[in-house]
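Participant: Given these sequences and hints, build the entire structure.
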Amino acid sequence: MIPLPYTRLHRAFTVMVLVWASILCLTVDAFAQTERSFITSTLTSHGFVNVSVSENEGVLLIGYENRRYRSEARGLAEAIRLVMPFMTKQDSLIFLVRHLGKPMIVMQTSIKPLRAYFDGELSSQEWLALTSWTMDTNSTSARFSDDEVLAKPTLRSLDIPIGLGVRYVLGNFGTLDDNYRMAIDLEPEVRLDLPFGFNAVARLAIPLHNNLDDNTHIRPSLITLMKPIYLRGPTVASVQAGVFTMNRVGAHAQMKRYFMDGVVSVGLEAGYTQYTNMNGRVQVPSMEESSYTVAVLSANWRYKPYDLDVGISYGQFLYQDNGIRIDVNRSVGDSRIGFFAMETDLGRNMGFQFALAIPPRRYAKPMPFRVRPSEHFNIGYRFAAGDRVGRMYDTGNYYFNLLHMYDPDHVKRELVRYLNP
Amino acid sequence: MDAAPLFVRLSQIWFIVTFVLCGPKLLAAQSMTGTSGLFHVPNGYVEDDRTLTAGLIYIPNTIMPNDFLRRPIGPSPYNALAGYANYVFIPRLELQFRFTGNLGMEKSRRDNTFMDRAISARIQVLRESARLPAVVFGVQDFGSEWFNEESGSYFAAHYAVASKRFYVRSVRLGLNAGFAFGLPGSKTKAFDGIFGGVDISPLGDDRLQIMAEYDSFRTNAAVKTVLFDHIFVMAGLWDMKTPAGSFGVKFRL
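Protein sequence lines correspond, in order, to chains A and F.
Here our numbering is used: position 303 in the first sequence is 303, and no number is missing along the way.
Here our numbering is used: position 82 in the second sequence is 1082, and no number is missing along the way.
Please keep in mind that the hints were generated in silico from the structure rather than gathered at the bench.
As the structure is a prediction and not an experimental result, all values here were calculated from the model.
Note that CB positions come from ideal geometry on N, CA and C, so glycine has one too.
Simulated crosslink set (SDA-like; lysine to any residue; CA at most 25 Å straight-line):
id	chain 1	residue 1	chain 2	residue 2
1	F	K1250	A	G338
2	A	K304	F	F1251
3	F	K1187	A	A341
4	F	K1187	A	G347
5	A	K412	F	R1050
6	F	K1187	A	G351
7	A	K304	F	R1092
8	A	K365	A	L419
9	A	K304	F	L1052
Derived, one-sided and incomplete: chain F residues facing chain A with beta-carbon distance under 8 Å:
id	residue
10	R1050
11	F1099
12	G1143
13	W1146
14	F1147
15	L1253
Facilitator: Take a look at the structure:
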C-alpha cells in the first residue's frame, strides 16, 4: 500500500476536523449540562430540595427530597410531570426519592411507555407494570457521580412542623368529676440534617389543656441524634441516642431486613436507657428510676393489595416484661390505622393506634426557616390505661417510622391518584 | 303558630332534603349498637372497605342493662348516651369502639359505675348473591371478657345473622334472621337466642327505611333515613313504647 503524501493541506484539514470535533463535543456537553441545570432549577423552583441530576448512557438519574407535599406519591407525580418536557433524547428515567437527606426508594421507567401513558395510549396500570421499584437504594445512589452537587441542600434549612400531642384516659376516677381526662400539648418540632449523615430531632411540649397529670409546664419531649447505617441488600439500620419519650435517656439501635420483595421483613431492636425528668413528671417515680434494657425481635408480613401489615414482636419490653405483641396496621392514603394486642409477664392489653393525615396537602415552599403543620396527628388508645404492659419509648426515628410510607406498592397505588394525564 | 301548617312545612322540608338533595349513591345506616343493622338487631351486611362511621346513640333508661349500675334488679334510673366510631378495616371486617355514659347523673355519686367501653368486631363470611343471603358473624363488647372482667361486658353478644333483600317493583324488602349464643367462658347478653326483623325501603334504597324487629327480648320498630349520602338519622320505639334514636356521619377514607 502506497502511503498518501502528508501535505500541508492534509494537515490543515486534520487540524480543522479536530477543532470542529472539539467544539461539537463541548457544545453537546454544554447542552447536556444546560439541560441538567434546567431540570435542577425547575425542580428546586417548584420546592423540591436535595436535588441532584446526572445522566449516564441515555439514563437520566434524578434525586430529590419532597418537602412540598404531604404525600410522597404526589411529590413523585409532580416531579415526573415537571421533568417530562425535558425528556427528548433519554431512553429511561430514574427517580431516587430522599427523606431527611437519606435515599428511601427508587423508581425506574422507560420514557416511551411514560410518554404513551401521558398521551393516553397506555392505562396507569399498564404503565406501572413496565416500571421497576425498589427500596434497595445502594446501587442507584452509587450511580450519582461523587462530585454531584445537591441543589437546595437541607443542611442549611430549618423545618419546624407543629403537631398536637394528646394523652387521655376514659374511665371512672373515684373522686374526680369527669369520666374522661385529657392532656393536650402543642408540639413544635425541629428536624435537622447534619453533616456526615446524622439527623437531629427536637420536640417541645407546650401544654394547652391538662386535667390528667402534673405536666402543665413547657418542656422538651424528645431530643434525639440519629444516624442511619447502610448495609448490603434490602437492609436498613440506625442508631440513635438522646432523650426519648416516657422519661428515658439513653441509646437505641434498630435493624430491619426485607425478604420476598418486601412482603416479609425481620427486625431487631435493642436499647439501654435511664430515667430522666427532663421531659415531664411521672406518676410513680420509684417505678421509673431504674435503668432498663430492651431487646425485641420482630417479624412483619405485608399484604400488598390492602397495604396491610401484620407484625409480631417478642422480647423484653421497657419495664423488663417479657412477652409478645401483635400489631395490625393499614395505610389508607396518607393516614395509617391499626390495632394491637399484647401479653407479657405484667398482663394483657389491647387497643388501637391512628396516624391521621393533617391538612393541608401542600406546604409552602421550603425556606431557610419554615413553620408548618405536622404531617400526622398520632393518637392511640389502650384498653387498660396506666398499665406497664409491653411499653416502649419513642425515639423519634423518622427513618424507621416512615418506612411503610415508602413501600413501592403503596407509592404506586397512590401515584395513580395524583398522576392523571 | 298553628301546629298543622308547621307540620306540613316540616314534612315538605324533609321530603325535599330526602328526595331531592340526596344522591343515588347511598350508604346503609347503623343500628342502636353502632354496627350495621336494623334498629337494635344486627344484619348480615358490612359497609364498603375503609368506611368510617361516627355517631351518637340515645338509650332510654328502661333499656340500659340492670347491672350497669351494679344493681341486681330493676331498670337504671338514668338514660344514657353512647358515642362510637366504626371502621371497616379490611373488606368484610368491621371494628367498633363505643363509649357509653349515663346522662344526668349526680357527679358526687361514687358508689357506682357511670361509664362503659365496648369493643366489637363483625366479619362477613358470605356475601349476598342472587340465591344466598349475606352472613355475618359478630362479637360485641368482648374487651372486658379478654381481661376476665365479666362485670364490664354489659352489652356482650356473639351471633350469626343472615340477610337477604328482595325487590317488589321499586320497593326493597329485607329479611334478617340471626341467632345469639354464649361462648365458653362468656355469656351473650344484648341478644340471646333467635332474633330477626324486616325492613322495607319504599324508595328502593337507604334514603328511607321502615323497620320492625324482635331482638330476642322485645319487639321494636323504627324509621331510618340517610341525608346527603353521609348523614343518617334513626328514630324508633323500643319495646314499642320507649322512644330512642341515633344519628351519625359516615364517609369513606
